[in-house]
Structure formats: structure tokens, C-alpha cells
Amino acid sequence: MARSLPSESLETLLNDVEVRLSTGERIIARLQTDLDASLHFHQGLIVLTDRRLLHVEAAKDDHRRFHEWALASIDELVLEEMGATIAIHLMQTGVPSYAWRGTSGCTREADVFLGRFKEQQRCLLPVPSPDEAKPTAEDEEDVFDQDEPVATRPTGSPLIRLFQFSRPWYALMALGFVLTLASTGATMIGPWITMGLVDDVLIPLQSATERVHVKYVYRFAVQLAGAALLTWALNWAKTFVIARVAERVTSRMRRETFEHLQRLSLTYFNKKRTGDLISRIGSDTDHISLFISVNFIEFVCDVLQFIFLACVLYSINPLLSLAALGPVPIIGFLVGRVRSHLRGGFAAASRAWSQMNSVLSDTIPGVRVVKAFAQEDREVERFRLADQHIFDTNNRVNKTWSFFTPLIELLTEGGLLLVWAVGAWSVAHDRITVGVLVGFVSFIARFYGRVESMSKFFASAQRAAASAHRVFEVLDVKTDVPVSVNAQKVGRLRGEIEFRDIKFRYGSRQIIKGISLKIAPGEMIGLVGPSGAGKTTLVNLACRFFDVSEGSLLVDGIDLKQIDVVDYRRNLGLVLQEPYLFYGTIMENIAYGKPHATRAEIIAAAKAARAHDFIMRLADAYDSMVGERGQQLSGGERQRISIARALLIDPAILILDEATSSVDTETEREIQAALDHLVKGRTTIAIAHRLGTLRKANRLVVVEDGQIAEMGSHDELLKRSGTYARLHQAMMEVTHA
Amino acid sequence: MSTPAPTNFAFSSDEQGRLVFIAADGVRHEKVRPVRLFPLTEPQHWIAIQDEEGRELAIIEDLHALDEAQQVALQKALAKRDFVPVIHSIDGITRAADGHDWHVTTDRGPTVFRVENDENIQSLGGTRMVIIDHGNTRYLIPNVTTLDVKSRQRLERYY
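First to last, the protein sequences are chains A and B. Here the first sequence is numbered in our numbering, starting from 1 and rising by one per residue. Here the second sequence is numbered in our numbering, starting from 1 and rising by one per residue.
The set of hints was computed from the structure by calculation and includes no laboratory data. Wrong hints could be hidden among the right ones.
When the alpha-carbon atoms are kept at most 30 Å apart in a straight line, the in silico DSSO-like pairs for lysine-lysine are as follows [claimed, not checked]:
#1 K118(A) / K272(A)
#2 K518(A) / K719(A)
#3 K719(A) / K118(A)
#4 K31(B) / K607(A)
#5 K561(A) / K489(A)
#6 K478(A) / K594(A)
#7 K150(B) / K607(A)
#8 K518(A) / K489(A)
#9 K607(A) / K80(B)
Since the model is a prediction, treat every value here as computed from it, not as a measurement.
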């Protein structure tokens with residue numbers, strides 16, 4: 001529902017209705033309306049009980065408006081779509097006596113509600129059928145459960161989900177963690193040795209009070225070298241392991257996202273921009289990979305070193321370490337402030353990136369149109385704007401950032417100054433030796449280094465969170481052609497298709513307004529009618545790209561929703577107006593629906609589709625590369641390959657969606673010959689603007705405005721001089737002009 | 001579609017060594033040419049016989065099903081038209097002004113050819129690879145994994 005009632009308000013309205021119910025009266029369905037008669041936002045609730053129709057409207061004062069009608073007094077309820085709003089008319093004694101209004105967001109619910117109402121009315125008829133008279137409580141629920149078809153699962157913090165997502169590699173991650181721990185420890189050895197070096201070797205040497213044995217020097221040198229080597233080896237192992245984990249996680253992420261995308265319905269792809277999806281799978285997962293492999297592990301290192309160094313510093317000299325810790329709380333405070341600034345910034349940057357990808361995926365395939373209309377400059381400008389947007393969002397982040405980073409450095413410098421001051425004072429008062437001070441300072445430099453890099457972590461964490469969120473968003477989309485749990489497995493179908501009073505709504509538009517049609521196995525049906533009449537939608541429903549909103553579609557007498565989608569589509573051959581060839585050889589393209597077809601089968605299909613001869617003229621024959629980067633083929637040639645593709649799977653049901661309308665007449669004849677092969681013995685639904693294509697059709701169905709206007713053979717329809725005759729006339733005029 | 005049984009037709013050569021095809025109905029077609037249907041993925045099977053105008057006369061599924069003499073005649077005719085060098089080793093890939101120069105050793109001896117862009121390096125199902133040079137010659141690597149290590153490294157760096 002576009003505008004849902006605040007729940008307490010819905011409850012008050014519902015309570016209001018419930019107190020008015022007489023004993024034994026049951027609520028069957030309810031419908032929220034969100035506009036009043038003058039189209040101001042105003043909440044209302046229509047309730048259907050087994051006896052009455054009730055309506056209650058929220059009011060500004062306590063006085064609620066309340067209406068009721070006995071069901072028997074109502075002729076019918078009529079739904080009217082009026083642009084962005086809808087009206088439900090209450091018809092009594094043949095005239096509209098009342099009307100409710102709502103935004104078009106209520107349309108779906110209103111439709112369902114009206115359905116319930118009709119059922120209930122039927123129950124009131126003299127001979128009510130016993131099972132229909134008892135809609136269960138579940139039925140009522142349905143009305144409210146259908147609000148969001150593409151609902152998202154509740155989402156936790158994206159970073160926590162990212163961690164859960166990495167579950168298969170926890171062991172490897174643990175190894176990485178241990179290595180991190182070890183390599184962090186190893187880096188501490190150096191400064192520790194330095195302390196001894198200064199106090200035992202350098203200071204005595206300088207003051208020349210005593211002779212230093214040269215073996216001390218060797219020992220320190222060897223120790224230092226050993227520490228460096230150990231650090232190197234551990235760091236190498238750590239980096240390798242962690243990078244592997246990161247690649248594994250993001251690779252799983254990319255694959256799962258793509259797999260999930262493949263399962264989503266056409267509706268989803270119709271709504272999404274290609275560029276946006278590409279950038280989610282491409283650059284967003286890359287951000288995540290970088291985060292896991294570099295930032296996250298660095299942060300863990302930093303935290304460990306921070307704690308460790310703090311302890312070391314404290315053990316060396318508590319007073320000095322107190323001075324050193326001075327700036328840390330201030331930095332902590334600053335990080336908190338900056339974090340919220342960055343959070344939004346990175347999300348915006350990812351979106352900007354998507355936008356740029358969208359421009360690219362729009363312009364590059366459409367380059368012929370761009371050039372033909374000489375609109376290169378305009379596209380350059382469009383890209384510049386998208387790029388500017390990226391620049392701006394990044395700039396905003398950088399502005400915060402460029403101020404923040406040096407500030408942290410300034411603070412740590414201040415801390416260092418403090419340490420020197422306190423240290424000088426301590427040395428002067430003989431509390432510590434110079435060696436301790438030097439060692440301390442070399443530790444403190446590392447300590448502040450950790451603090452600085454920890455403060456940077458929050459930026460990358462925010463970026464990764466924003467990206468992870470975008471990826472999980474795709475993963476969380478439920479497919480809206482739900483797979484029936486006990487989907488019926490089917491083998492080869494006979495190919496009987498029945499549309500039983502089907503309706504289909506796309507968004508707020510009612511596209512199919514009740515069509516009933518039975519197609520016998522092996523029959524060829526030609527769909528004709530003006531553009532936008534719903535022909536392609538019918539075909540999409542028959543392919544089960546969408547599910548019908550109302551009514552049912554039966555194949556071989558089984559409801560299509562009950563049939564396993566994959567099984568069903570094995571029986572389905574589809575030839576589209578714009579044949580799509582994938583990047584690959586011609587052989588692979590023909591065998592697309594049946595990858596294990598033998599070469600003999602492939603050649604036979606190509607011959608039947610009249611594609612063999614032109615294929616043999618190509619340099620690599622069946623091994624020629626076609627598709628986006630491959631050999632250029634003409635529209636007719638591509639179409640014949642796609643016909644061969646459909647022929648190869650030997651489908652029981654064949655769908656031809658304007659298969660010949662994008663080619664010239666000569667090629668059409670070739671394709672027509674190929675198609676004649678194809679349709680033989682198969683249930684065929686063909687859409688065509690060129691009526692000649694349909695000469696083999698058993699029946700022609702004229703679709704107009706989502707309904708069947710006429711049906712019959714070519715001659716019958718001509719005689720009737722209706723829509724078909726008009727279309728035919730218009731076409732003849734064009735061909736003879 | 002069915003492949004005619006090999007006994008239904010015959011090959012011979014005319015005095016200039018060109019292939020002659022005698023169809024099942026006894027009609028003699030001169031100057032016919034054999035064309036492979038799958039020149040890169042299955043060169044030893046599926047050969048179409050076309051006449052001078054490019055009309056298809058027959059398709060032979062398996063060359064080895066023919067008798068010895070006919071096989072020789074057909075192989076000879078095929079060999080005359082065939083030119084898909086098989087790369088045995090890659091001796092170097094160097095950057096050139098427009099694209100890359102590939103220094104290779106093939107079954108037809110060592111050569112250098114120029115590849116203009118990445119699109120001309122195509123992988124055909126798994127380990128098979130075809131490289132098309134700027135003169136439209138095809139070079140075949142039947143199995144990338146059997147190349148020697150150095151060649152593979154050179155290939156990996158580029159592709």
C-alpha cells in the first residue's frame with residue numbers, strides 16, 4: 001500500500017467497526033482508503049462482513065463518520081481508475097450511490113477486496129455452495145499480506161552480515177588472526193632490543209667510561225636482523241592468508257549475487273538499471289574485498305598493537321605513558337564526530353558510481369543512435385554530469401577527511417612534545433636513563449602511528465558497510481514468481497493452453513482485463529491488435545515471466561503455478577523480435593537450450609531453420625564467433641539462428657513474438673519458410689503485425705485494450721468488417737502505396 | 001538430415017589434381033571443394049562438399065568411414081585449402097605500435113604475426129584457443145594446458 005495507515009489509527013478504526021458488529025457477524029475483508037471525496041488525504045476503512053458493508057472514516061474531531069449498507073441492497077462495487085487515484089463506486093438500484101477514493105497504491109488491495117465482495121455476494125444467492133460460504137480466517141489475512149511484492153528481509157548491520165557471510169572461511173580467518181597476532185608481536189622486538197643497545201653499548205661507548213665488548217655489538221646486530229627477518233616472514237604469511245580470505249568472500253558474494261539475479265523475474269530487471277546492477281556486483285564487491293584484505297586486518301593489528309604498546313609503555317614508565325595517552329581521548333571524540341559525516345558520504349559515492357555505470361551501459365550499446373542523431377556532445381555532457389557527481393560526492397568526503405587526518409597528526413605531535421618535556425624533566429631528575437627515554441620515544445612513534453591508522457579505519461568501515469548494504473539489498477530481493485513448494489514435475493507436455501478469465505495488472509495499470517481462450521494441442525493462434533493492447537503481456541504470462549493477477553492459466557489442464565518452472569520452460573520455444581545471440585560460436589548459440597546436442601542435431605536444426613547455407617559461407621562456419629564482440633550478422637541471419645535454437649529443443653509450445661517484423665520482405669520469406677518447419681505439430685502463439693505471417697494460423701485472435709475483440713479465421717474476420725478488417729485494410733494500403 | 005552412406009558417392013581427381021565428386025545419382029561434379037563445418041573444434045569430421053557456386057552437394061560426417069583412396073583424395077583437397085597453423089610454442093609477445101607481435105613456433109614452422117586487440121584472442125570451449133591476426137589468419141592452440149611452461153607464462157601475461 002502506497003500510504004499505509006499508522007497502525008494505531010487503523011486499530012481505532014477497526015475497533016470502531018468491531019463494536020458495531022452484531023453478534024455472530026464476521027469480518028471477511030477490509031480495505032483501507034486514503035483519500036476522501038475531495039481528494040484530501042484522509043484515512044478510511046471499508047469492512048466487508050457476511051451481512052453488511054461498513055465504512056468508517058477518521059475525523060479530525062472525535063466524531064467519526066460511519067456508513068453501512070446491507071449486502072443485499074448493493075448491486076455491485078465498481079472499480080474505476082482515474083489516473084493517479086481510484087474510485088470504488090457503490091451501485092444501488094442501477095445508480096452509483098456512494099464512492100470511495102484512494103491513491104493508485106490501493107489498487108491491488110481494492111481489486112482483491114472487490115473479488116471478496118463478489119464471492120460474498122454469490123454466497124447470498126439462493127443456492128449458496130457450502131464451501132464458498134465459509135472463507136477462512138486465512139483468506140482475510142491475504143488481503144493484507146499482499147502489500148509489498150518485493151519485500152526485503154529484515155537486515156542487520158551490513159558488516160555483521162558480511163562476517164556471517166564469511167562463515168565457510170572462519171578457519172582460514174582464525175589462521176590469519178593468529179598470524180596477525182604473531183607478526184604484531186614480532187614488530188615489537190626491534191624497539192625492545194634498541195633499548196638494550198643504547199644503554200649497554202652506545203651510551204657506554206660515548207661516555208668512554210668502560211670498554212664495551214665487541215661481541216655485544218654483534219649480538220645486538222644479529223638479534224635485530226633476526227627480528228626483521230621474522231617480521232618479514234610472518235607478515236608475508238599473514239598478508240597471503242588474509243588476501244585469500246578476502247578474495248574467497250567477495251568471489252562468493254559476486255557469484256551468489258549473480259546466481260540470485262538469474263533467479264529473479266523479468267519484473268525486477270524491467271525496474272532496475274543495468275549499470276546499477278553491474279556496479280553492485282563489480283565495484284561494490286571490490287570495496288568489500290579491499291576492506292577485508294587491507295583495512296579490517298590492519299585495524300585488528302592496530303588494536304592489538306595499541307593495547308600491547310600501551311602495556312609496554314606503562315611497564316617502562318607509568319608517568320611518561322600517562323603523558324603519551326593525553327591526546328587519545330580527544331582523538332576518540334573526533335572519530336565519533338567524523339564517522340557520522342562519512343557514513344552518508346560513502347553511500348552517496350556508491351550511488352554516484354552506479355549512475356555513471358548506467359550512463360555507460362546506456363550509451364555504449366546505443367552508440368548507433370547517438371551517432372545517427374549526432375548527439376555525441378550531449379552524451380559527453382551526460383557523462384560529464386555523472387562524473388561530476390562522483391567528483392562532488394568524493395570531494396565532500398575528502399573535505400572532511402583532509403581536515404581530519406592532519407588534525408590527528410597535530411594531536412599526536414602534541415603528545416610527543418609532552419613526552420619529550422616530561423622525559424627531559426625525568427632525565428634531569430635522574431628518574432630514568434637516556435636509553436629508556438629513547439626507547440620510549442621509539443615506542444611512542446609506533447603507538448601514535450597505530451592511533452592514526454585506527455582513526456582512518458572508520459572511514460573504510462563506513463565505505464565497506466555502504467557497499468555491503470548495496471550487495472545484500474540485491475540478495476534480499478525475493479523473486480516475485482514464487483516457486484510452488486510442491487511444484488509438479490512434468491515431462492513433455494501435449495501443449496494445451498487455457499487462459500481462464502485471466503487479468504493482469506502491472507503497477508497500477510490493468511493490462512489484461514479478462515481474457516478466456518482455449519488453445520488445442522498443435523493449434524496455431526495468431527494474436528493481432530494495436531500496439532499496447534496486451535499481446536506481449538499475454539505471451540509473457542504464457543511463458544510465466546509474470547504470474548496472472550486473477551484467473552488462471554492452465555497447461556494440459558494443470559494450473560501453471562503448480563508446474564515446476566524449469567520443467568515447463570523445457571517445453572517452451574521462444575523466438576523474439578530482436579534475436580539475442582550470446583558471445584560464443586554459432587554452434588554454441590544454436591545449442592543454447594540443449595548444450596549436449598550432437599553436432600548432427602545442430603546441423604539438422606540449422607538446415608531446417610534455413611541457416612545452414614549462410615553459416616557455411618562464414619570463414620569458420622559453425623565455429624564462427626558471434627554476439628557482442630563477434631562476427632556481424634544481419635537481422636535475418638540472427639533470427640534464423642534463434643529459430644534453429646528453438647527448433648533444437650523441439651518444444652511442445654512455441655511463442656513467436658514479432659519474429660519477422662524487423663527484417664525485409666525477402667528475408668521474411670526465408671524466415672517464414674523456417675518458421676513453417678518450426679510450427680508443425682506444436683502449439684503456437686504468434687504475434688505479428690504483418691498479417692501475412694499468420695496465414696498458417698488456425699485461428700486469429702484480435703486483442704484490443706486487454707480484451708478479446710474478435711476471433712476466427714482470416715476470412716471470417718474479414719467478413720465481419722471489424723477491427724481485423726480495418727487492420728487488414730490499413731496494411732494493404734501500406735503495401736500497395 | 002542424414003549423412004549419405006559412403007558407398008553412395010565417390011571422389012576422384014581430374015588431371016589437374018582437382019577434386020571430382022560423383023553423386024549418388026551418378027552425376028559428375030567437377031571442381032568441387034570440401035568445406036569443414038567445424039574447422040576449429042572438429043576438423044576431422046563433418047565436411048561439406050560444395051560445387052563451384054557454393055551449393056552443397058553432400059555432407060560427410062566421418063572422413064575415416066570412406067575407403068582409403070577416396071580419403072586420400074579428399075584429404076589432399078582439404079590440405080590445399082587448409083591453413084590453420086597450430087601453435088606449438090610461444091617464443092615471445094612484444095608490444096607493437098598497434099597491438100602485439102606474437103613470435104611463435106607452429107606446425108608450419110616459426111613465424112611472427114600481429115594481433116590488433118584482445119577480441120582477436122578467443123577461447124573456444126575450455127582449453128582450446130584461437131588467435132586471429134590482422135590478416136585474418138587463424139592460429140590454433142588446441143590445448144592451452146599442454147603448452148610448455150614458458151609459453152603458458154607468456155600467454156598468461158597477455159591474456
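Here is how each hint holds up against the structure:
At most 30 Å may separate the alpha-carbon atoms for a hinted pair to count; K118(A) and K272(A) exceed this at roughly 37 Å. Restraint check for K518(A) and K719(A): satisfied, since their Cα atoms lie roughly 23 Å apart, inside the 30 Å limit. The suggested pairing of K719(A) with K118(A) is violated, with an alpha-carbon distance near 38 Å, which exceeds 30 Å. In summary, the hint linking K31(B) to K607(A) is supported, as the alpha carbons are separated by about 24 Å, within the 30 Å threshold.
The straight-line distance between the Cα atoms of K561(A) and K489(A) is roughly 12 Å, inside the 30 Å bound, and the hint therefore holds. Restraint check for K478(A) and K594(A): satisfied, since their Cα atoms lie roughly 28 Å apart, inside the 30 Å limit. Taken as a hint, the K150(B) and K607(A) pair is broken in the structure, with Cα atoms around 44 Å apart against an allowance of 30 Å. Distance restraint check for K518(A) and K489(A): the Cα-Cα separation of roughly 23 Å lies within the 30 Å cut-off, and the hinted pair is therefore satisfied.
With a C-alpha separation of about 27 Å, the suggested pairing of K607(A) with K80(B) holds against the 30 Å cut-off.
In this structure, the hints that do not hold are numbers 1, 3, 7, in rising order.
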